[in-house]
Structure formats: structure tokens, C-alpha cells
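What follows is each chain in one-letter form.
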Amino acid sequence: MKLRLGLISTGMFLSLSALASAEEFKIGFAVSLSGYLAPYDAPTLEGAQMAISDLNAKGGLAGTHKITAIVKDVRSETSVTQVAVQELIDDGADLIVVPCDDDPAIAGGMLAQKAKIPVFSTCATNAALPAAIGDYYFMNYLSDTLEGAALAKQAAAAGYKTAYLLVSPDTTYTKNLPEYFSEAFAGLGGKTIGKSTFKMGQQDFSAEVTQIKSLAAKPDVIVTAAYEPDFPAFIQQLRGQGLTMPVYGADGIDSPTTLSLGEAGEGIVFVNAGNPDGNPRLADFFKRYQTEKGQPLTNSFVATGYDLVQVVDAAVKAAGGIKGPPLRDAIDKLADVEVMTGKVTYAGNQRTPARSISVNKVEKGKATHVATFVMDRKTLPAPKN
Amino acid sequence: MTQGHALRLAGTREVIATAAVCGALLLIALVVSFIGATAMQASAANGFVLLVLVIGLGVFVGSTGVLSFGHASFAAIAGYISALLTIPEALKLKLVPDLPHWLSATVLPLPISIFIAVVVATLIGICAGFAIVRLTGASAAIATLGLLIIANSVLIGASDYTRGAQALYGIPGSIGLWASAFAACAAFIVARCFKDSSYGLLSRAARDDEVSARSIGISLHSARMIPWVLSVAIVALGGALLAHRLTVISPKEFYFAQSFEWLVVLIIGGMLSVSGNILGAAAIVVLIEMLRRIEEGVSIFGVTTPQIFGLTDAGLSLAILFTLIKRGEGIAGTTEFDQLPVFRRWPSLLSALAPGTVLRSAPVEPSKGALKVDKLSKSFGGVQALSDVSFEIEPATIVGLIGPNGSGKSTLLGCVSGVLKTTSGTVSIAGRVLTGSSPEAIVRQGLARTFQNIRLFQNLTSVENVEAALIGSGSTRSRASSRLEAFAILRQTGLENVADRKATTLSYGDQRRLEIARALACSPRFLLLDEPAAGMNEEETARLASFLRTIREETGVGILIVEHDLSLVLALCDQIIVLEKGHRIAAGTPQKVAEDPRVIAAYLGRSKVSQSVEHPAA
Chain A
1177 MKLRLGLIST GMFLSLSALA SAEEFKIGFA VSLSGYLAPY DAPTLEGAQM AISDLNAKGG
1237 LAGTHKITAI VKDVRSETSV TQVAVQELID DGADLIVVPC DDDPAIAGGM LAQKAKIPVF
1297 STCATNAALP AAIGDYYFMN YLSDTLEGAA LAKQAAAAGY KTAYLLVSPD TTYTKNLPEY
1357 FSEAFAGLGG KTIGKSTFKM GQQDFSAEVT QIKSLAAKPD VIVTAAYEPD FPAFIQQLRG
1417 QGLTMPVYGA DGIDSPTTLS LGEAGEGIVF VNAGNPDGNP RLADFFKRYQ TEKGQPLTNS
1477 FVATGYDLVQ VVDAAVKAAG GIKGPPLRDA IDKLADVEVM TGKVTYAGNQ RTPARSISVN
1537 KVEKGKATHV ATFVMDRKTL PAPKN
Chain E
4 MTQGHALRLA GTREVIATAA VCGALLLIAL VVSFIGATAM QASAANGFVL LVLVIGLGVF
64 VGSTGVLSFG HASFAAIAGY ISALLTIPEA LKLKLVPDLP HWLSATVLPL PISIFIAVVV
124 ATLIGICAGF AIVRLTGASA AIATLGLLII ANSVLIGASD YTRGAQALYG IPGSIGLWAS
184 AFAACAAFIV ARCFKDSSYG LLSRAARDDE VSARSIGISL HSARMIPWVL SVAIVALGGA
244 LLAHRLTVIS PKEFYFAQSF EWLVVLIIGG MLSVSGNILG AAAIVVLIEM LRRIEEGVSI
304 FGVTTPQIFG LTDAGLSLAI LFTLIKRGEG IAGTTEFDQL PVFRRWPSLL SALAPGTVLR
364 SAPVEPSKGA LKVDKLSKSF GGVQALSDVS FEIEPATIVG LIGPNGSGKS TLLGCVSGVL
424 KTTSGTVSIA GRVLTGSSPE AIVRQGLART FQNIRLFQNL TSVENVEAAL IGSGSTRSRA
484 SSRLEAFAIL RQTGLENVAD RKATTLSYGD QRRLEIARAL ACSPRFLLLD EPAAGMNEEE
544 TARLASFLRT IREETGVGIL IVEHDLSLVL ALCDQIIVLE KGHRIAAGTP QKVAEDPRVI
604 AAYLGRSKVS QSVEHPAA
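Same order as they appear, the protein sequences are chains A and E. The number in our numbering is simply the position in the first sequence, starting from 1, with 1176 added. The number in our numbering is simply the position in the second sequence, starting from 1, with 3 added.
For the record, the hints were derived by calculation from the structure and aren't laboratory data. In this text, all values refer to a predicted model and were calculated from it rather than measured experimentally. Worth double-checking, as some hints may not be accurate.
[Said to hold, decoys possible] Footprint (simulated), chain A over chain E, 3 or more residues, beta carbon under 8 Å: (1) 45-55; (2) 159-170; (3) 252-259; (4) 291-300; (5) 304-318.
[Stated by the list, open to error] Derived pair list, reagent style BS3-like, types lysine-lysine, alpha-carbon separation capped at 30 Å: (6) E:K97 x A:K1292; (7) E:K97 x A:K1371; (8) A:K1290 x E:K97; (9) E:K97 x A:K1560; (10) E:K97 x A:K1554; (11) E:K97 x A:K1375; (12) A:K1367 x E:K97; (13) E:K97 x A:K1509.
[As the list claims (entries may be wrong)] Here are a few chain A residues that face chain E, going by a calculated C-beta distance under 8 Å: (14) D1249; (15) S1255; (16) Q1258; (17) Q1262; (18) D1278; (19) P1345; (20) K1351.
Positions of the beta carbon are idealized from the N, C-alpha and C atoms, including for glycine.
From just these sequences and the hints, can you work out the full model?
In C-alpha cells form, the structure reads like this:
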């Protein structure tokens, strides 16, 4: 009896949403197309726009709601993000996308939260943001906790027992991600035996390399979330000193530079949102991008931008409406959504998606796929405030 | 018009203009609050906060000429303090659990927390100022850059208080359009008043020329420290307001990008003008708002333009380039709003002293006691520039100092006026030893000077040049009385007609005269003139000679004049001292010196001497 009632109500909702078919869906992008966040926000927007045109060709979200994109360049500035988000709210946006860094994501997210409009950050990785902003804020990209845990899982799988961290207090990412690794690694029986701190942009890593070289027992693996220009400098100076232990990095080094480091770069392991090497659907996407845009795709943000719109599509399909609370609730309940890079689950994850994460290794100047993990939420470390 | 009446009216124009500017700012706020959507109100409020920051920065940059990158540090400090004093306790315990208990438990009303933030940031600014204001020009700019980097590292390092590089959020966003607009008005009024205050005047004088600033008694330390402290305070206010606008801050919100942005606004508007700060901020805000809309694609008569993102940055860069090429001094240059025609109907500080106003002449006390130079020696490394030079100048006499090039004349002037340190020997006035004192102390003992290559305060008007000397040397304190006295001196020196012209625009002869006027404004008992007739034609030289005689008679000042124009020296001077290779080789009346065989041999040449003596004073 209960089951039948459920079916009936689902049917009613379906017909209701069909009735509202004329209604368009506005996605407001308050993202950085210039400034330091442009390398992350711009490709995410590009991918989202590809998904939008794909979906609109099939009638829109859930096949019924045409998507309109309103794009505003916030120039990597927090105050501009606030103004742009306010404008998007005034323009009646049904969903808002904010930049890839904490300050503008929080400032813009808070406004959307107040207006009860679901809001995603393009690629902010700080897992503490959903709690900080509120129940309308969802992460889209990999979280620091997820990356740390995946690296730990890979390290344990490789049989490593000891790790050494290279952190920088200059950003949340470079500071916390290796610590999340350390926590997850401890849970898997590993041990962190030391830690060096660097200043971003310092270039000279001789002090850190000497510190590692002077360790009585060398670590099995070095883990860092450093990226350009720090990471290339570090790895070259480390290898230059004859230290050959494996180095694990985060998605920040998912860039052509890492693949062009020659001898020093060989064997680097890093995670990203998806490697076309191990994912036929993604491989097709990379090929399509090359054909459409006339240049090779060298990052995963275009694909995760595509994912974002697919997530929205799935939510609209499930939701009883396309606005505010019902949409929010629908996103929050999504499980095992098939997206471009793999699978995404929001249900039960406090708006931090459990999504597939790819482990890759640099071999002969190419990023070879090692493994894809879909992490269990219970193995993820708690986000640091 | 009586003098009292004139003084009361003086500055009416400036007051009305400032009030009008504030009225205009508030009107903008009013219009935006009525017709603007929430987003536009936010933009306008951000614009006003930007204005506070730029005006604050401008107080220092405009008064010292030093581009400061470091002010963002004080905006950051104030922003963090005000944030920590206003974030709800529960959130503080979660975000910054290691905060001292008393600080977590303290949650203050916004105005009080902003006040505390400004006070603390200013105190820190005073400490930093002791190091920064010792430097000038590029080294000072580099030092401020260092300050910015240090402050950023400290903010990141002090993670118990600041959360390090992580965002500090939950800051009450209670600074709206009106609060921002009123703060901008307050900042403008303070900065505008400071610029025309006696402290502001001395700072601007020191900015234009350090050496001559010291020669009229200005202490470089306070000339830079006072605007530094004031500007830090205003920028701190702006930083606190910014924190409450953003509601989320991290150290990178107060770093290079922001410092550059504020400097760009300052440069576009005009660094030397407070009004320029407003014009710069308005130009930038309006330009950004326009470009932002154009780049998103606009519909004009049914035609939609394509989206061109990046247009805002490109447009801003072009605007900066265009301004720098077309107007190197920025939109406003050195002018203020009160110079606009619309305000001319009211008397300004200057016009209150229009012709007809009764002026008293500059007070110069009759001098007692001689200027005595005793066995003065100066060596630069191994080169003996002066050896045991002695002479005396009685009040109300004119003494000429001559000698071939390189004989040590300018060195002697430098040593007497304190610009150069003497190796041995003493200089005294009426028995009071001056040797070893700083130039600014020496001028207060009654010794003023001019410079061989004119060193006026280029961006100041004639009357301000003289006023700076009156105030710097301690003759007067207030701008009202300094302006009156400066006018008297300008009238005395025949410069009344160019009183409100910038020094740099004066004719060469007027610039020379203004140098003398400025030196006279220090109420000197003795005046050192370094080649005052250089570059003057015969007529101008003759006028100078009679002018010098007049001031000697009227004021009893003793004059030491270094001059190459021998006819002038022979005609004008009561005594002549001749230097050669750092030695005094002759001294006495013009007649006696001109006949001295050593002088003839060393310097003048027989035929020249006879000529000059036969036809004195062309």
C-alpha cells in the first residue's frame, strides 16, 4: 500500500514538472575569467557551457527546462564576486556558481545562501566550506580530504609504511591536504615521520632537501600539495641530490609542466578528477574537445565543469521543482550520478561529493592511469575548520 | 575691509568647496539608495570604501612623494582586529580556537570595534614609521614593500589569531552604503584640512626639496612622520570598513593586488591632490562598471554585442596608460576643487588678502652681534677645501665672497649654514656657536640662505614657499598669520603679482627673488646668498642690488654674498673676502681688495681689475 502511494506521488510530481516545462533555468556564473583564478574558473565555465549546449539540444534540464547561462567576470576579487552574485540573485538565477577560492566562494556563497539559491564553487577544494557557508552550498570538485585519503590509499596499496610531508602554511590547500593524507595514512597503518615547511615561491628548496637527506631512516614516500612553480623546483632539487624515493602530489600538479620535467618528473604520482587513460567516456570527451576547439585538453577542469551541469540535470530530474529548497534537497540526495569524469554521490556527504578520483603516474612524460577510487565517506578525515 | 574681517572670511571658498564635495558624495549615495538595486548599492559602497583607502594613502604619498605599497598592512591589521572584535563568540571558538579567552569572549558593537582597530593599527604604524620615514624616494618605496611582505607573513604566521592563510569569515557585514559614504566624506575633510594646515604645508615643502626644507628650519622627520601617522589612521579605517564589507577576509585580501589598485587610483586622479583622489576613484569605479557591462554583452537597438571577457582589465590598463601620457600628474594635477570657477565668488585663503588689505611688514628684529667665522677648515678625504678661514660680518653690512672656481666659496657657505660638517673651526652669531648644529637648528639662530642652483618648492605657490619658511623657522604657527606675513614679504620683494602661481611657473628672475623672499621669511639676522645674480641681465642685477640695499637698511640684516658678477660685488659690498684654494688671501673694502696684488695675481688679472674699479656698478 505504502509503495503504491509512493508511486502515485512520484507520478504526480513528474506530471507537475512536465507542466512547468516552459520555464527556463538560469545558471548564474560569477566566476573569474581574469586574475589568478582564471586558469581554474575559465575551463570550468567552458566545460559547463559545453554541457549546457548539449542538454539544450535535447530540450534542456530533464529534457524540459532550457538553460540560460548568465556569465559575469569577477576578476578574482572577493568584493566583485559579492556584487556579481547579488546581480545574479536580482536577475532571478536558479543556481549560482562561484569562484575556485575560499574568500570569494564564501562571500558569494553566503549571499546565495541567504537568498536560498543552491550555489556551487567551480573547484574550491576546502572541505570546510559547506559547513562554513550553509546548506545551500555544494562542492563540485575533489575535496582536500578526498585527495588526501586517496593518496593515502594508494600509498598503502603500494606497501609504503612511512611518509614525509612537505607543507606550506600559505594556503589552506598546501597546508591541510598533506595533513589529511597523514590522518588517512595513519588509519591504514602508515606513519608520518617528519614534515618540512616551505614558503610559496621560495624557489630554493635546498634546506628542505637537506632535511630529508639527513634523516636516518628515509621515508617510503614524500607527500605534498605544492604546485607550480614550487613543485618543479622541489622535485628537481630533490632528484639532484640523489634522493629517489617516490613523491606523491595533489591535483595542483595536474598540468603539462609536470609531464615535461624529464628525468626528474618520472614516477611522480598525483591524483585528479579523471584520467582519459582509464575512462573511455572521458577519452571521447578529450577527443571531442580537440576536434571542437582545435587544441588539446590539458586539464580536468573542463570535464568537472561538464560534471557540474550533469549534477544539476540529475537533481532537476529528481526534484519536484527547479527553484530553491526543493532543488537544494534534490542535489543533497543525489547518489551515484553518472557524470563525465565518473560517479558522484552527494547523499549523506554533507554537500561534499564523494566522487571518483583517479590516481596517475608520470611515465615517459605521460600521465598513466594507475587506479580509480570511489572513496567511502567513512574513510575521509574530518575537515579542518 | 578690516584685517579681522579678512581673516574671518579667509578660507570661506575652501570650506564651501569641501562642503560641496561632501554634499555631492552624499547625493550620489542618496540617488543610488533610491534607484539602485542591491547590487548597485554594494558597488557604490565598495567605491566609497575604496575612496577612504585611497584618500588615506594619498595623505602620505601626496605629502612625501613616496609611493607606499605598505599601507595595505595597516588596512589588514585594522580589518583583522575589527573582525575579531565583532565575530560572534561561538563562531570565534570554532574558527580560531586558540584565541586568548578574553578575546573570544569580547564581542563589541561595530563603531567601538572599528575605533579600537584604528587606534591599534595606528600605534603599530607609528612604530613602523620610525623606520620608514628615515628613508626617501625609491628606498622608502622598497621599505614599504618590505613592510607589506613582513605584515603578510606575520598575518599568515599568527594563525592563532588570524587563521593563517585560511579565510576568516562570519564578519558582520553591517557597513552599508551610508556608513561608507559618510566615512568617505570624513576622510576627505580630514585630508583636505591637513593639506592646507601648517603641518601639511611643511610636509609638501619637504617633499619638493629636502635640502632647502632643512634650510628654512623644517624637520624632515616630523614632515614625514605626521602625514604617515594620519594616513595610516585613515587607511586603517578603510581596512576595517573593507573587512565588514567583504565579511570574509584572508591575508591576500590586503596584499599586492590591493596596494597596486590603490596606487593606480591615486596616480590616475593625481597624487598631489585630495580632490584628485575622488576623481580617480570615481573614474575607476565608473569605468569598471561600464566595461563590466559591455564585456558581458549589451543590446543596443536590438543588436547584441559579443561577450568579450577581460575587457575590464584591458580597459583599465589603457586608461592608466592614457592618463599617464596625456596627464602625467593625473586628472587633477595639483589642483583642488576649490580652484573651480564656480567657487571663485567666495574669498579663499589667498583672496582675503587682496590689494587694499592692510599689511604689516615682516617682523625682523634688529640684529645684535656679529656672525663670526673662526679658523674654519674643511677637508673632503685628502682634499683640503678650506684652511683656517676667518672673518666677521657685522649686522647691516654686505660682505662679498669671491674667488676663482673651486676656491671653496660654496663649501664655505655649506659649512656656515650647516649643510656640510666642518672639520675644525667654529661659526658663531653674537657668541653663540652654531658649528655642529643641523641646518634646521642654525636657521632658528638667525642664519638663512639661498642656493646657487635654485631650490624652490616647485609644486607650492610663491606665497606657500614663503609661508613654509615662516612656519618652518618658527616665526609663526598658524596659516592665517603666516599668509598675512608672507604677503607682506612678497610685496616687499615685488612678487605680489605672482603670489598664487606655482614656483615652477615663475620667470627665472622671479624664482631668484622668491628664494631670497623665502630666506627673509626666516627672520634672519644674517643672510647667505649663493650667486643671487647668476643668469640675470643688467637691469635685473641692478634691481637686485637696490633691493638688497633696501632690506639691509630696513631690517639691519647682515649679508654674505657669493657672486661672480664683480661689478655687482664691487658696487654693493662694504667688505670683500677673497678665497683661493681654500685660503683667505685678502679681505677689506672693495677698493683695497681690488688693489691687492695677491688678488690681482691669483684671480682677477690686471686689466680686469682696473676696468672694474674704473667703472663700478654698471
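Mind listing which of the numbered hints don't hold for this structure, in increasing order?
Failing hints: none at all.
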